[in-house]
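A.B. asks: Same order as they appear, the protein sequences are chains A and B. Each residue of the first sequence is one higher than the one before, counting from 1281 in this note's numbering. Each residue of the second sequence is one higher than the one before, counting from 1281 in this note's numbering.
Wrong hints could be hidden among the right ones.
Since copy identity is lost for identical chains, a pair holds within one copy or between any two.
[As the list claims (entries may be wrong)] Think about it this way: if two alpha-carbon atoms lie no more than 30 Å apart in a straight line, the pair counts; the simulated DSS-like pairs of lysine-lysine are:
1. Lys1577 - Lys1566
2. Lys1454 - Lys1506
3. Lys1454 - Lys1363
4. Lys1441 - Lys1409
5. Lys1475 - Lys1573
No lab work stands behind these hints: they were computed from the structure. Please read all numbers here as calculations on a predicted model, not as lab measurements.
Number of protein chains: 2
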Amino acid sequence: MSLVIVGSIGLDTIETPVGKVKDALGGSAVYGAIAASYFTKAFTVGVVGSDFPQEHIDLLKKHDICIDGLEIKDGMTFRWVGKYENWNQAQTLDTELNVFGDFNPTLPESCLSCNSLLLGNIHPDLQLKVLEQIKSYKYAAADTMNYWINGARDRLDEVIKRVDIVFINEEELKLYAREKSVYTAAEVVLSKGPKLLVLKRGEYGSVLISDELMFFAPAYPIVEVKDPTGAGDSFAGGFMGYLAQVGEMTQQNLKEACLYGTVMAALNVSEFSVIKLANHSFEHIKLMVEELKSWMKI
Amino acid sequence: MSLVIVGSIGLDTIETPVGKVKDALGGSAVYGAIAASYFTKAFTVGVVGSDFPQEHIDLLKKHDICIDGLEIKDGMTFRWVGKYENWNQAQTLDTELNVFGDFNPTLPESCLSCNSLLLGNIHPDLQLKVLEQIKSYKYAAADTMNYWINGARDRLDEVIKRVDIVFINEEELKLYAREKSVYTAAEVVLSKGPKLLVLKRGEYGSVLISDELMFFAPAYPIVEVKDPTGAGDSFAGGFMGYLAQVGEMTQQNLKEACLYGTVMAALNVSEFSVIKLANHSFEHIKLMVEELKSWMKI
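Isolated chain A (complex conformation) (with noise of 0.2 Å):
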């Protein structure tokens, strides 16, 4: 099965506690595709402007990501200025959205006919706008973040309603569902309709809770973390191309593809920007694999 990739590209300036990067490539949309190319044909679909090196994309093209979406307008591609001081919580020192403001996802004759659709961390009525293109689709997830849920909640709600699969972590879960227990508010959200909810807990795993399915995945023990940035679009990419690679949302697929999603947001916070996540072998990252499952086997 293929996967369309829809989110953000940009170029992000980073400082964590352990280093620096100036404009480098970043954004869900290439996080999320360069995760799952590992497992599957993957669709980036993004904008980006005159001034995103070509080497980037060249660097798609080499994980053999389909760039038809990929739309390149007159201006200056989206950019991030970010700080660490805490691994948790991003500092946001500058955001210029350029063309990025006008983002406006037309999916091209291509994807139309995708099986499968990762949905990143973009205003709702855009997802919204992606999901009522391709008709083809299997199974559907989103991404989302607080200040979507405090700013467009209705839109929110009905990208919910229609998506199979939300990535989520606990303090925008306890924020959409207005609930103090993640556990509860887990039980808000899948009322509303998806069949599954992937709650993400950073450097402590994630677990996957759905009406028939509670699993509980440790994060991939990583010594030295350099740039948290991409972690949760590397985690969702993973998990959504091993998805599309067996087909099936089986209970046992879908505590592989958390693993695997595991393993892809590990490798991305072992360095800066898409430095280790785009040079892997898919022998290693199944090793990895077997190593978390091993961890984890009473």
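Fit chain B to the given chain A structure using the hints.
C.D. replies: Below, chain B without anything else, positioned relative to chain A:
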């Protein structure tokens, strides 16, 4: 096998976001012994004042806990007043050491032939004093806290060198090892002598780390936490109690011990004081461990 638990015994006045209690039974030697009593013969060692309610002594006896090591001194029982504004960090409003201020554990005859030992979070000098009295033990475990890491590091080093198992949370571990990564810090601790490090991560579960073993256990999901006081002590008590029951520190037994400890901690936080911890059946605890296993199973 039998288990001696040495620690504080006190009357706690606690306020959490969902309720409060006044002068409720608490202390590491109480939480630990009650949790352990579901699995093995537990011996509690501590000191209380003449005001210590008889009903609490009766409760320990009801759990078949040997109280030969429970010293009743003239004076008042240790009291702690605390408040949780967030669940992860208790704010101490008042501490009255009372008779606990002169605690000098002298083990009764009945404890001296014990096979295993849990040293609750007390001054490392007192932990060492207990280690010197019991010659028969097969393995010993110790818990500690920031206060002793900062204030009695050399003596704590001695304890760490001499015990087999160290229970510690992430912040304490990094502080003690002077490392930023918990995994590097764990290596530092293990290099000092212990066979096993048990990393406590609160609502995110725990990790067993040794030279041969890595094992991630999630916390048992609790919809409404009422009072986190004693969670770590109940965890350690359940862990060491199970280990005393099975008698050998094999990898399999350590993993099972970890899950039993996890469930005891979950019961503990579901109610104030020992209300839920002290009123359960072994059958139900076993069922909860089976549930937990099913949520970790690939």
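A.B. asks: Now look at each hint and say whether the structure bears it out.
C.D. replies: Status of the hints after comparison with the structure:
Taking the shortest alpha-carbon separations for Lys1577 and Lys1566, both the intra-copy value of 17 Å and the inter-copy value of 18 Å come in at or below 30 Å. Proximity of Lys1454 and Lys1506 under a CA criterion of 30 Å is satisfied in both settings, with 28 Å inside one chain copy and 18 Å between copies. For a Cα distance limit of 30 Å, the shortest separation of Lys1454 from Lys1363 qualifies both inside one copy, at 25 Å, and across copies, at 23 Å. For a Cα distance limit of 30 Å, the shortest separation of Lys1441 from Lys1409 inside one copy, 14 Å, qualifies, whereas the shortest one across copies, 62 Å, does not.
For the identical chains of this complex, Lys1475 and Lys1573 are neighbours both inside a copy (24 Å) and across copies (23 Å), given an alpha-carbon limit of 30 Å.
Every hint, counting from the list given before, is met by this structure.
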